[in-house]
Amino acid sequence: MIKLEHVSKSYDRVLGVNDVSLEISEGEIFGLVGPDGAGKTTLIRMIAGILSPTAGEMRVLGATNPETIKQYLGYVPQKFSLYGELTVQENIFLLGSLYGQGKEEIEERANQILDFTKLLPFKERLADHLSGGMKQKLALAAGLMHRPKIFLLDEPTTGVDPVSRREFWQMLYRLNKEGTTIIVSTPYMDEAELCSRVAFMHNGKMADCNSPQSLRQNYPYRVLELSAKGLNIKRYLAIPSVMECNKFGDKYHVIVKDGAALEEVKLILEAAGLMIEALKEIPPTLEDVFVALASEVF
Amino acid sequence: MYAVELMNLTRKFGGFTAVNDVTLKIKAGSIYGFLGPNGSGKSTTIRMLCGLLEPTSGRGSVLGFDIAKDSEMIKQKIGYMSQKFSLYDDLTVIENLQFYGGMYSLSGSLGKVRIEEMLNLAGLKDRQDELVANLSGGWKQRLALGCSILHKPAILFLDEPTGGVDPKSRRMFWDIIYDLALQGTTVMVTTHFMDEAEHCDEIGFIFEGNLIASSSPAYLKQTIPGTLIRIPTDDPMGLLETLEGSTLPYLDIYCSGTGLHLLMETEKLAHITDFHYEKITPALEDVFVYLVKSHRKE
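In order, the protein sequences belong to chains R and L.
Each residue of the first sequence is one higher than the one before, starting from 1 at the first, in the working numbering.
Each residue of the second sequence is one higher than the one before, starting from 1001 at the first, in the working numbering.
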């Protein structure tokens, strides 16, 4: 459905995207993660046909000229780009008419979408007066007016409250089940878990790309989850068998090469007089995978 | 001894109440995590605390100075860093530090000593003559922090310091924050990442202008009623849709990484017969899902 071969985009002397090859199939939820400046937005804009690659080949829905397939693409940019002084409904109608839809078609589709995004009760509200989560839902609704086959979203849930964030993903999931291919960037690893495949971007390059399951399976180390009272636990674990000790919420992930290091870690912490509340091996999370990738490439 | 005391602090912009009747105290030398979605009033509150914006009503003090009357004194005593690091790309690392040293009137040997300390803190001693433009996000972030604490402020305000930074750098940054707090600096920090807030001494959660919780993470976790359980699954979204349509008597249900979280009345746990599940301690993310939903119902 989407095919990139050695695609690059340079700005002056800086490479925004550097030699990325990638295929995205119909029906995927394709996730993009990586720090700011890694090239996620540039990649999304190239697929959306807003930016042209400076090198490489790109085909979207079989076309090399993005103008010919524009009506099949939906794009929700990172910054809210709708009109604050228009109501929810006016924004949606405006978008519909820009895509050349007729009045009846617009009204029918708008009602469907506002219902789907739970914005129907707020249709008379000015966009400026919506909460952050609702603004994002309106941006999503606007992007869906013309029933796109491919839907591109650039960090749609950054800064959105944890409940709206989940509602938003439930909508993406339903759209996907109805046949829409979705490409989405996110800073949240729990959202990356919900993608069919995840690409980790760094410095314009794709450092890794795979399903969340495979990314976790390919993780080369073992993870020990530690709950313990005491500050600065790291310093006790500066031993050869421990590669790293990372904070994960109120716990620590102790990264080891060999599961047998568990006993050693336990003895050291006990000898230091620390209260161990729990220590067990757990499967790696995507966050573990990306901490490791970040250590390799930075 | 409190570094920050706010009493019924309110800020309106025209007919819009950005911050509504906020009362809170922050102990000197503690880390206060200030959480909430975009547009909920976090930055408005911090700007009032820094003496940059006058409250509409209510009062507050920072380091004993009144935020309305003594704003000039406050500005000299605090450190402030925002997500948009104010660094000069065309200056070197050490030139940026020297520039900020000049702004804070740090001269002679004291200035040199502090700049040296900040180079070590940021881990940039070996790169002091490099242009800032060549640093990646994580390094810039640590340099920006160094610049904002050159004058040894007693209190440091960090407004989303870790947005858009890779997961490895995020953790290195927090290690520095803990060290500063151990040395006695009071830190007020906002973040979108709930896992980062787990180690704060106290957390405030602001939603639509209202402070809906302010307490220690451990206390907040106890406020969730019933029992939280996790059902591990490869398809959290699919299972969510299935269970939402079932008769299972849950209080709440939502996705969390590679599993579903269900909040259940403890005596109804026996209703779950078809799934393997584990009882879990709520994370802060669970707390805020609960708080946001309770707040919406009101």
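Hints in this document: simulated from the structure, not taken from any laboratory.
Note that the structure is predicted; figures quoted are calculated from it, not measured.
Check the hints yourself; a few may be wrong.
Unchecked claim - In silico EDC-like pairs for lysine to aspartate or glutamate, Cα to Cα no more than 16 Å straight-line:
| hint | chain 1 | residue 1 | chain 2 | residue 2 |
| --- | --- | --- | --- | --- |
| 1 | R | K205 | R | D19 |
| 2 | R | K251 | L | D1175 |
| 3 | R | K118 | R | E57 |
| 4 | R | K251 | L | D1195 |
| 5 | L | K1297 | L | E1208 |
| 6 | R | K247 | L | E1208 |
| 7 | R | K266 | R | E225 |
| 8 | R | K247 | L | D1195 |
| 9 | R | K257 | R | E277 |
| 10 | R | K247 | L | D1066 |
| 11 | L | K1293 | R | E167 |
| 12 | L | K1084 | L | D1175 |
| 13 | L | K1084 | L | D1195 |
| 14 | R | K251 | R | E225 |
| 15 | R | K234 | L | D1179 |
| 16 | L | K1084 | R | D36 |
| 17 | L | K1221 | L | E1241 |
| 18 | R | K257 | R | E244 |
| 19 | R | K229 | L | E1160 |
| 20 | R | K229 | L | D1201 |
| 21 | R | K177 | L | E1241 |
| 22 | R | K247 | R | E270 |
| 23 | L | K1025 | L | D1066 |
| 24 | L | K1293 | L | E1208 |
| 25 | R | K247 | L | D1235 |
| 26 | L | K1221 | L | E1198 |
| 27 | R | K234 | L | D1175 |
| 28 | L | K1221 | R | D250 |
| 29 | R | K251 | L | E1198 |
| 30 | R | K177 | L | D1235 |
| 31 | R | K3 | R | E26 |
Do the hints match the structure? See the list:
no.: 1; hint: K205/R x D19/R; verdict: 7 Å, holds
no.: 2; hint: K251/R x D1175/L; verdict: 14 Å, holds
no.: 3; hint: K118/R x E57/R; verdict: 40 Å, violated
no.: 4; hint: K251/R x D1195/L; verdict: 10 Å, holds
no.: 5; hint: K1297/L x E1208/L; verdict: 14 Å, holds
no.: 6; hint: K247/R x E1208/L; verdict: 30 Å, violated
no.: 7; hint: K266/R x E225/R; verdict: 12 Å, holds
no.: 8; hint: K247/R x D1195/L; verdict: 9 Å, holds
no.: 9; hint: K257/R x E277/R; verdict: 23 Å, violated
no.: 10; hint: K247/R x D1066/L; verdict: 37 Å, violated
no.: 11; hint: K1293/L x E167/R; verdict: 12 Å, holds
no.: 12; hint: K1084/L x D1175/L; verdict: 21 Å, violated
no.: 13; hint: K1084/L x D1195/L; verdict: 22 Å, violated
no.: 14; hint: K251/R x E225/R; verdict: 7 Å, holds
no.: 15; hint: K234/R x D1179/L; verdict: 13 Å, holds
no.: 16; hint: K1084/L x D36/R; verdict: 12 Å, holds
no.: 17; hint: K1221/L x E1241/L; verdict: 27 Å, violated
no.: 18; hint: K257/R x E244/R; verdict: 10 Å, holds
no.: 19; hint: K229/R x E1160/L; verdict: 27 Å, violated
no.: 20; hint: K229/R x D1201/L; verdict: 14 Å, holds
no.: 21; hint: K177/R x E1241/L; verdict: 12 Å, holds
no.: 22; hint: K247/R x E270/R; verdict: 19 Å, violated
no.: 23; hint: K1025/L x D1066/L; verdict: 14 Å, holds
no.: 24; hint: K1293/L x E1208/L; verdict: 13 Å, holds
no.: 25; hint: K247/R x D1235/L; verdict: 27 Å, violated
no.: 26; hint: K1221/L x E1198/L; verdict: 11 Å, holds
no.: 27; hint: K234/R x D1175/L; verdict: 10 Å, holds
no.: 28; hint: K1221/L x D250/R; verdict: 12 Å, holds
no.: 29; hint: K251/R x E1198/L; verdict: 9 Å, holds
no.: 30; hint: K177/R x D1235/L; verdict: 13 Å, holds
no.: 31; hint: K3/R x E26/R; verdict: 11 Å, holds
Checked against the numbered hints given earlier, this structure breaks hints 3, 6, 9, 10, 12, 13, 17, 19, 22, 25; the rest are met.
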